[in-house]
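Numbered according to our numbering, the sequence shown spans residues 656 to 901.
In short, the hints are calculated from the structure, not lab data.
Quantities reported herein were computed from a predicted structural model and do not represent experimental measurements.
Do not rely on the hints blindly, as some may be mistaken.
Simulated restraints, written as ranges between beta carbons of each label pair [as the list claims (entries may be wrong)]:
{"hint": "1", "residue 1": "A662", "residue 2": "G705", "range": "36 to 44 Å"}
{"hint": "2", "residue 1": "H769", "residue 2": "L817", "range": "17 to 25 Å"}
{"hint": "3", "residue 1": "G741", "residue 2": "L682", "range": "27 to 35 Å"}
{"hint": "4", "residue 1": "S742", "residue 2": "H769", "range": "31 to 39 Å"}
{"hint": "5", "residue 1": "P793", "residue 2": "L725", "range": "22 to 30 Å"}
{"hint": "6", "residue 1": "P805", "residue 2": "D685", "range": "31 to 39 Å"}
{"hint": "7", "residue 1": "L813", "residue 2": "P793", "range": "15 to 23 Å"}
{"hint": "8", "residue 1": "L660", "residue 2": "P846", "range": "47 to 55 Å"}
{"hint": "9", "residue 1": "G721", "residue 2": "L800", "range": "22 to 30 Å"}
{"hint": "10", "residue 1": "V792", "residue 2": "F814", "range": "14 to 22 Å"}
C-beta: ideal position from N, C-alpha, C; glycine also.
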Amino acid sequence: MQALLRAYEQMPPVTRTYTTACFIVTLLTDLKFISPFDLYFNWQLILFKGQIWRLFTSFCYFGSFGFSFLFNIIFTYRHCQMLEEGSFSGRTADFVYMFILDAIFMIACASVIHLVFLGQAFTIMLVYVWSRRNPLVPMNFFGILSFNAPYLPWVLLLFSLLLGNNAMVDGLGIACGHLYYFLEDVFPNQPYGFHILKTPAILKRIFDPAPIPYVDVDERPGGYNWGADQPIQHDESSDDDVVLLQ
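Work out the full structure: start from the sequences and follow the hints.
Put into structure tokens, the structure is as follows:
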């Protein structure tokens, strides 16, 4: 248990926060404290009933505890952590900004294609961005298929179809992941390109505060420790002057 707790504490902050939220939401629904009907994405309830939490909870629910939840939470944890410790290392604000942008992309699309839970699509988005930034990493899917990382999102899409799931969910994740990857990694490197996705300064201040500057000991201002405990310095030259005057 201590090893598990220590591993949890060592998780990078964004990964820890998101996976914890997913686990807690699923636990509360399985214990019947809340209902999935309280979580799904619905513009009518958000705008006219003030149920703003649906903007967040729709990304945190993978279904009740079971194979689907375990599969999604493992992929979410693994690829979220690899992104945060890899290409986003030391750039927490940029990582949070990616979360926000892709959530906005998905919400906009979900309003058109009528998806109500976006957690699985968000997982596929994380997988897609990681796979495009690590194109040479070899993968093995259940010991059956061997391929390089960029094919992983498409393998997951095929696997989802074999399980009878809605292909729109994985397709949305791939589309949103590709949009972010193109705007962040591809377009700025084109001859006519420029950097579009600039992280807001407020996120930088919150998640990437400037480090406290280090001042070398030799460069620090000197001083004197005044106080009653300091020994009184006896000036021998003043005694000599007194003797001469006598």
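A quick look at each hint next to the structure:
1. Between A662 and G705 the C-beta distance comes to about 39 Å, which sits within the given range of 36 to 44 Å.
2. One distance hint, 17 to 25 Å for the beta-carbon pair H769 and L817, holds here, with the actual separation near 23 Å.
3. For G741 paired with L682, a C-beta distance near 29 Å keeps the hint of 27 to 35 Å intact.
4. Between S742 and H769 the beta carbon distance is about 33 Å. The supplied range of 31 to 39 Å therefore holds.
5. Evaluation of the 22 to 30 Å hint for P793 and L725 yields a pass: the beta carbon distance comes to about 24 Å.
6. Distance hint check: the CB atoms of P805 and D685 are about 35 Å apart, consistent with the given range 31 to 39 Å.
7. Between L813 and P793, the C-beta spacing of about 18 Å keeps the proposed range 15 to 23 Å intact.
8. Remark: the range hint 47 to 55 Å for L660 to P846 is upheld by a beta-carbon distance near 51 Å.
9. A hinted range of 22 to 30 Å holds for the C-beta pair G721 and L800, which are about 24 Å apart.
10. Between V792 and F814 the beta carbon distance is about 19 Å. The supplied range of 14 to 22 Å therefore holds.
Checked against the numbered hints above, the structure breaks none of them.
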